[in-house]
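Number of protein chains: 2
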Amino acid sequence: MKVEVYPLRGIPEIEPGMDLARLVVQSSRRSRLTLRNGDVIVVKQKAVSKAEGRLVELRKVTPGKKASALAKELRKDPRLVELILRESVRVVRVGHGVIITETRHGFVCANSGVDQSNVKPGFVALLPLDPDRSASAIRAEVRRLASKEVAVVVSDTFGRPWRNGQTDVAIGSSGMAPLHSYAGKKDPHGYRLRVTEPAVVDEIASAAELATGKLLGIPAAVVRGVEYEPAEVGVRSLVMQRERDLFR
Amino acid sequence: MKVEVYPLRGIPEIEPGMDLARLVVQSSRRSRLTLRNGDVIVVKQKAVSKAEGRLVELRKVTPGKKASALAKELRKDPRLVELILRESVRVVRVGHGVIITETRHGFVCANSGVDQSNVKPGFVALLPLDPDRSASAIRAEVRRLASKEVAVVVSDTFGRPWRNGQTDVAIGSSGMAPLHSYAGKKDPHGYRLRVTEPAVVDEIASAAELATGKLLGIPAAVVRGVEYEPAEVGVRSLVMQRERDLFR
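Order-wise, the sequence lines are chains A and B. Under my numbering, think of the first position of the first sequence as 1, with each following residue one higher. Under my numbering, think of the first position of the second sequence as 1, with each following residue one higher.
Please keep in mind that the hints were generated in silico from the structure rather than gathered at the bench. All values reported here derive from a predicted model rather than from experimental measurement. Some hints could be false.
Note that the list lumps identical chains together, so a pair holds whenever it fits in one copy or between two copies.
Result set (DSS-like, lysine-lysine): computed pairs, CA atoms no more than 27 Å apart in a straight line [unchecked claim]: (1) Lys186 <-> Lys60; (2) Lys186 <-> Lys2; (3) Lys65 <-> Lys148; (4) Lys185 <-> Lys76; (5) Lys66 <-> Lys186; (6) Lys66 <-> Lys76; (7) Lys148 <-> Lys76; (8) Lys2 <-> Lys66; (9) Lys2 <-> Lys65; (10) Lys148 <-> Lys72; (11) Lys76 <-> Lys65; (12) Lys148 <-> Lys185; (13) Lys2 <-> Lys148; (14) Lys120 <-> Lys72; (15) Lys148 <-> Lys66; (16) Lys148 <-> Lys60; (17) Lys76 <-> Lys120; (18) Lys120 <-> Lys60; (19) Lys148 <-> Lys120; (20) Lys120 <-> Lys186; (21) Lys186 <-> Lys76; (22) Lys185 <-> Lys66; (23) Lys185 <-> Lys120; (24) Lys72 <-> Lys186; (25) Lys186 <-> Lys65; (26) Lys2 <-> Lys76.
Bound conformation, chain A alone (with noise of 0.2 Å):
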């Protein structure tokens, strides 16, 4: 099958306490892509955090002595390092200018994904508290104004390590299994697939991207034609167990 992504554009800046589903029902009204069942709509994560008032004023940020310290390491605001360690349940890796952390939610990323661009001069955005229930009630809204049943993912640009650049990836998503699963499945030379899970939540963001960019101010798309498993778990089941994870 075919798969289609549209960019969402003409949404405006997003400033706290605005709805995002709205925005997006009417954009999409405005792009004359009708809404359809099963469509997945991205939304990035800054234009959620923004939303949700998930943004902080930098001179009101007090750095401790921890803060300071690795700030003058790495030559960093020690008041975004500040931040970077509140988001923070534990420090992974710390180098070239980069703190590499366990956010609350169990992602590993850059920063704690507290990030300055994109964001009016003054301020950074923190991750919203939980982008799982951000994304469900992008969704309830959606099927209350549009009537049609789709899956919310909200992306965020992580690193990975051995490779240069950044990938779209799901932080938070509603409505579709994150995994697809084929353990048990046959393929064609009847061989039992054991451990192929694709994760389509993360995949669905990076096609996102390829679409939207990071200048363009186009904060969401629909992705269209991916078949998934309509579920009500989140994101938060990709965050890999401790025990089965080799590289904490």
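Using the hints provided, position chain B relative to the given structure of chain A.
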């Protein structure tokens, strides 16, 4: 811009020596999908490995001491472990039935990419010797057959630390810059981006996976509408330099 992903159907089981570019062009013609300049053709690793004869019959492999010991520990086939070790330059982690290695190409992945799925019984497929060169060869042949300037990505399915499931990533590419660098560009708020470099080839590989799946015998896809920079550098440039890598 809309991004579209078309699975390429009707491509037969690949045998050593087959001309993948020709099969891709024929499949696109049959499905009335005229290739265009700027299209990205994604070909799965397994198809490339088969076409290049990178298949090994397990019964012809004699495991060494190290492989036999490791196989016992992991309850894996010692001949398979022998191949995994031969294809690696370094064992990164061992556990949960998986050997995470660094391959000769510099990729860190499970089992050196040695895989029994979608291969005839009794055989395993090894990664192509030089997937960037594989991509270049397909690209040149598509240019000759269809008179179109396309980019080519060779994709494989990799797990990742900290998160369950796998995503398709690029192990080879030709004709496009693997990273889209935003370094020095300003966001709509005037903030200068420093480290933002989406790994476009990986996101394209993931997008293709959404349209092809694992069980349908679809070894290739066309991804249309991605804005990329033409370049002659391949995926080898994505391998993180030793001194920058916090996770070695």
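Starting from the hint list further up, note which numbers the structure goes against and sort them upward.
-> 3, 5, 7, 8, 9, 10, 12, 15, 16, 19, 22, 25 and 26
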